[in-house]
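Peer 1: Going down the list, the sequences are from chains A and B.
Sequential numbering from 1397 applies to the first sequence in the working numbering.
Sequential numbering from 522 applies to the second sequence in the working numbering.
There could be a bad hint or two in this list.
[Unchecked claim] Partner residues aside, some chain A positions facing chain B, computed with beta carbon under 8 Å:
1. Ser1414
2. Asn1416
3. Gln1437
4. Tyr1439
5. Lys1442
6. Val1454
7. Gly1462
8. Val1463
9. Glu1472
10. Thr1473
11. Glu1477
12. Thr1531
13. Ile1533
[What the hints assert, rightly or not] Which chain B residues stay away from chain A? Per the calculated CB distances, all over 12 Å, these:
14. Glu540
15. Gly563
16. Glu568
17. Ser570
18. Phe574
19. Asp576
20. Cys595
21. Trp598
22. Ala606
23. Arg622
Think of the hints as simulated: they come from the structure by calculation, not from any bench.
Ideal placement from N, C-alpha and C gives every residue a C-beta, glycine not left out.
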Amino acid sequence: MKKGEKRNEMTMRFLSRSANEAFARTAAAAFIAQMDPTVEQIYDIKTAVSEAVTNAIVHGYRDTLGVVTMTVRLFETGLAEIVIRDKGCGIEDVHKAREPMFTTGGAERSGMGFTIMESFMDGLTVRSRPGKGTTVIMRKLLDVKQQA
Amino acid sequence: MQLQYELREGRLTAHVSGELGHPEAIELMARLSRMIEDHLPGEMELELSGLEFMDSSGIAVVLQAARKCAACGCRFWVEGTPAQAKKVLTAAGIHRLTHIR
């Protein structure tokens, strides 16, 4: 996926509180709106961001409180790149965690978070080290209009 | 997230509106579960036309309500599903397990 020249970038840091899940997805959607994407693309990004941030809060930090960092980069080619990082417990087996229906979160989690991220975005990379944290990189190519 | 419900002639209709993420899903699962146990309906409709956003947390809500209804011999379906929520449920294959309209 060609990135091209960077058009804009933002980074935000927030505590791993559940109230910040809605805040993060809304902030990402608001920032990406400057690219004039379709409504469906905005919803796809909101959904994927919600999954990644919820994973960081519910699984990464479990019963502890930590900092989640979200960076959104926009490129002239229409590519939006979203990086969500935590310094929580990490994932033992990333390949297994990405399988549909796999969860360590009990009955209130469907185990479909990574499947949704993969389906709704054009690219997904997950890097994790047990005890060190997890970084999720998602990319989506937007139908973008040329900037004046 | 708001939940309102009505019970008419053995049919329980639960109207869910607003945004449904992880914290709201935990609350909603508990409330729906209690509702089914209290009323033991013959049919249950989960009505989502007022839903503005749903992530995979909503999948757990639908699956749990469907299982609870099946255990009680109650017919269950999802009605009025907005496009975004339908895309989430379809990506997870939930439309193969329960009726989604």
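Peer 1: If any of the earlier hints don't hold here, list their numbers in rising order.
Peer 2: The structure conflicts with hints 2, 3, 7, 8, 9, 10, 11, 12, 13, 14, 18, 19 and 22, although it agrees with all the remaining ones.
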